[in-house]
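Chains A and B supply the protein sequences, listed in that same order. Numbers in the working numbering are just positions in the first sequence, counted from 1, shifted up by 29. Numbers in the working numbering are just positions in the second sequence, counted from 1, shifted up by 29.
One or more hints might be untrue.
Computed from the model, here is a short list of chain A residues facing chain B with C-beta under 10 Å [said to hold, decoys possible]: (1) ALA32; (2) ILE51; (3) PRO65; (4) GLN67; (5) ASP92; (6) GLY174; (7) TYR310; (8) MET324; (9) GLY345; (10) ALA399.
The hints are simulated quantities; they were obtained by calculation from the structure and are not laboratory data. Note that the Cβ used here is the ideal one computed from N, Cα and C, for glycine as well.
Number of protein chains: 2
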Amino acid sequence: MKAISIGLLGLGTVGSGVIKIIENHQDKLMHQVGCPIQVKKVLVQELGKERAVKIDESVLTTDVNEIINDPGIDVVIEVMGGVEKTRELLLQAIENKKHIVTANKDLMAIYGSELLRAASANGCDLFYEASVAGGIPIIRSLVDGLASDRITKLMGIVNGTTNYILTKMTQEGLAYGDVLKEAQALGYAEANPASDVEGLDAARKMVILATLGFSMKVDLDDVKTTGITKVTEEDLHYAKQLGYTMKLLGIAHRDGERVEVSVQPTLLPHSHPLASVHNEYNAVYVYGEAVGETMFYGPGAGSLPTATSIVSDLVGVVKNMRLEVNGSSAIAPQHEKNLKAPEEIFSKYFLRLHVKDEVGVFAEITSVFAKHGVSFEKILQLPVKEKGVAEIVLVTHKASLKDYEEILMELRDLKALKEVKSSYRVEGSAGA
Amino acid sequence: MKAISIGLLGLGTVGSGVIKIIENHQDKLMHQVGCPIQVKKVLVQELGKERAVKIDESVLTTDVNEIINDPGIDVVIEVMGGVEKTRELLLQAIENKKHIVTANKDLMAIYGSELLRAASANGCDLFYEASVAGGIPIIRSLVDGLASDRITKLMGIVNGTTNYILTKMTQEGLAYGDVLKEAQALGYAEANPASDVEGLDAARKMVILATLGFSMKVDLDDVKTTGITKVTEEDLHYAKQLGYTMKLLGIAHRDGERVEVSVQPTLLPHSHPLASVHNEYNAVYVYGEAVGETMFYGPGAGSLPTATSIVSDLVGVVKNMRLEVNGSSAIAPQHEKNLKAPEEIFSKYFLRLHVKDEVGVFAEITSVFAKHGVSFEKILQLPVKEKGVAEIVLVTHKASLKDYEEILMELRDLKALKEVKSSYRVEGSAGA
């Protein structure tokens with residue numbers, strides 16, 4: 030039977046992994062899709078270079094047109110990264126009726142809807158399982174689940190670097206800066222860690238998950254994003270004392286038809302399944318009206334896990350080719366954007382304050398909360414740290430973001446308040 | 030377009046849930062499979078009874094032949110339970126070229142391979158996602174993963190009743206008997222809880238998972254099964270003190286081509302993802318050579334979760350019907366049974382002993398381990414409980430089951446040994 034021809038854009042660790050898997054599992058793949066799969070061309074930056082995989086030099090090219098314009102190539106696997114230029118290339122490949130498998134989260138977060146629309150219009154598949162949590166079949170699970178359920182909440186630990194850093198800070202009581210250096214030395218964090226530690230990488234993945242889960246086009250700018258750079262050992266210490274674990278959490282929540290998407294350091298009860306996702310692992314927690322709580326846990330990155338889910342996508346494409354139903358699974362968002370206003374976003378909050386150690390101060394502070402009808406779940410009044418200063422740690426009951434932000438402003442105006450040391454969202458109470 | 034006709038065997042809570050979902054999600058299902066899905070006949074025990082769903086009386090029947098022998102019915106959904114009789118009915122339905130979706134773990138654990146072989150021979154689908162961990166798409170995930178990976182280990186919390194009981198015992202320090210009564214009052218445990226608390230239910234599910242994951246026919250008799258009825262508060266207390274959480278764990282492990290499948294109360298480090306699966310929730314931890322560690326968490330039972338995964342299976346069947354590829358996914362085990370011998374099964378063990386409080390006893394005991402080359406990871410020598418008795422809690426390094434069982438025998442022969450209070454397997458050390 031005619032072999033399926035693959036064009037591979039990029040031959041880094043992931044690209045090499047894809048080639049290894051296709052070679053090592055040729056029989057299994059045959060058995061699954063009923064025809065051989067062959068890598069016809071691979072785009073590289075320079076020829077004659079040392080490679081992680083043995084590969085026939087004649088397969089390599091530095092000219093992308095030999096792939097996207099070759100009528101003999103059926104599927105383009107994109108693992109080279111980049112956004113603007115890559116978007117153009119993939120749109121052109123789709124014009125040329127090529128199916129796409131991509132691991133490119135930046136691209137999918139920004140141009141996903143456009144690419145999906147183009148794919149569907151051209152009867153092409155566009156699969157992107159590897160763009161979120163490499164080793165976790167979360168995209169497929171959402172697509173399957175959506176058939177007979179309505180997803181109302183997605184919470185994700187979708188960045189391995191920050192989860193590794195927070196895990197070490199929590200377990201070893203180390204400072205952010207020290208753990209970051211260690212993570213960089215170990216290769217868990219990049220020389221320029223900004224997009225990880227500032228939460229941007231997680232925000233991109235949440236855009237992809239929310240867009241799919243709610244079938245609503247969400248833009249990166251819609252995601253309220255806070256990174257972990259200001260998290261201190263004290264915060265983690267008090268959080269632990271109150272029964273919470275801190276995670277950089279992506280939250281996508283739908284009430285009725287209105288949604289909220291955000292990324293921020295968030296406190297979860299120790300007993301919450303997301304709380305025991307440690308080190309560089311990822312996990313996505315899904316709440317569906319019918320099925321209730323589910324969670325998918327696995328490696329978020331790594332060349333083999335990522336390559337594995339790329340090959341799973343490839344198998345999906347090839348099956349669809351043989352059944353001539355390509356394009357049906359490339360579904361662009363069906364709902365108009367409909368974001369919650371701050372007064373519609375409810376959660377609990379952890380707040381740590383330094384106040385003047387004077388009579389009546391505590392009453393003064395709590396009255397600000399009372400004025401907004403916000404009460405407390407936990408209060409920790411701590412011994413004076415420095416002369417004349419008391420530390421107060423509070424966990425509120427659910428409050429609207431609007432009320433909470435007004436409370437913070439009003440607290441800052443109080444003479445008795447020295448400093449708002451930290452403030453975090455608290456999630457994971459019963460009923461998700 | 031021609032509607033797909035369903036015959037439903039059983040109208041209990043799950044059956045009613047299936048009907049609700051098919052009604053409430055008709056449009057979504059249409060969109061997915063491209064044709065309407067209609068429930069043509071429902072087998073019930075008696076007519077004219079109060080139902081959980083509004084359903085046209087004319088759809089109900091007490092004669093199973095109106096379903097399995099009706100040429101107009103395409104898919105049979107079996108949610109009535111039972112084994113021998115149900116096997117016959119489904120084999121007959123398969124003979125009649127009907128596709129099967131079943132939630133019946135007892136049936137699949139015992140006759141799964143036979144039914145899958147029959148289905149594949151008749152070009153029929155046989156899907157059974159709901160037979161293991163109702164709300165978790167574990168079967169589908171294994172099938173997908175198998176395409177490009179080799180699964181070497183499966184560990185599952187696959188029985189909600191026992192997980193609820195162990196969770197309560199651990200969190201509230203209660204005795205097994207008291208928690209069981211509470212669970213029965215709450216409906217989490219049945220009046221006759223034997224098949225749950227003795228581990229049989231979990232063993233059946235592990236047979237299904239191991240058979241699929243290793244593509245090897247495993248029989249129920251091959252599963253070394255121990256329940257939770259002898260677990261004491263003291264055991265949980267000491268386990269906690271040593272950093273472990275106890276779960277009734279199904280373990281399926283493959284080294285090379287030889288496998289081991291067992292179910293027993295097992296200690297896991299608090300930090301292991303399975304350790305924070307609480308109450309009635311289920312989770313399956315999968316280790317694949319390529320992807321590494323993944324875990325799938327969700328409700329193990331409940332009518333809606335179970336009904337939801339039945340409908341997902343139904344969608345798969347209908348898609349295959351439209352693409353005329355039914356039967357390809359019904360794959361009977363491909364490897365001959367090849368079980369590990371006791372000397373090939375390695376793990377750590379937790380052991381609690383009561384010994385005579387005399388000089389030299391400790392040396393006497395440790396020498397038994399030394400003789401078998403088994404050393405200790407943790408030792409807890411505790412203050413005398415009753416006059417002349419000392420308590421020793423040990424955690425060994427990895428030992429073969431053969432060595433460990435010999436050690437237990439030799440310990441029992443020691444005059445210094447009063448009693449082996451408890452012994453548990455310890456799992457979840459680094460590297461799965």
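Comparing the hints with the structure gives:
no., hint, result
1, ALA32, "violated (17 Å)"
2, ILE51, "holds (9 Å)"
3, PRO65, "violated (15 Å)"
4, GLN67, "violated (16 Å)"
5, ASP92, "violated (29 Å)"
6, GLY174, "holds (8 Å)"
7, TYR310, "holds (7 Å)"
8, MET324, "holds (4 Å)"
9, GLY345, "holds (9 Å)"
10, ALA399, "violated (33 Å)"
Hint compliance for this structure: hints 1, 3, 4, 5, 10 are not met, and every other hint is.
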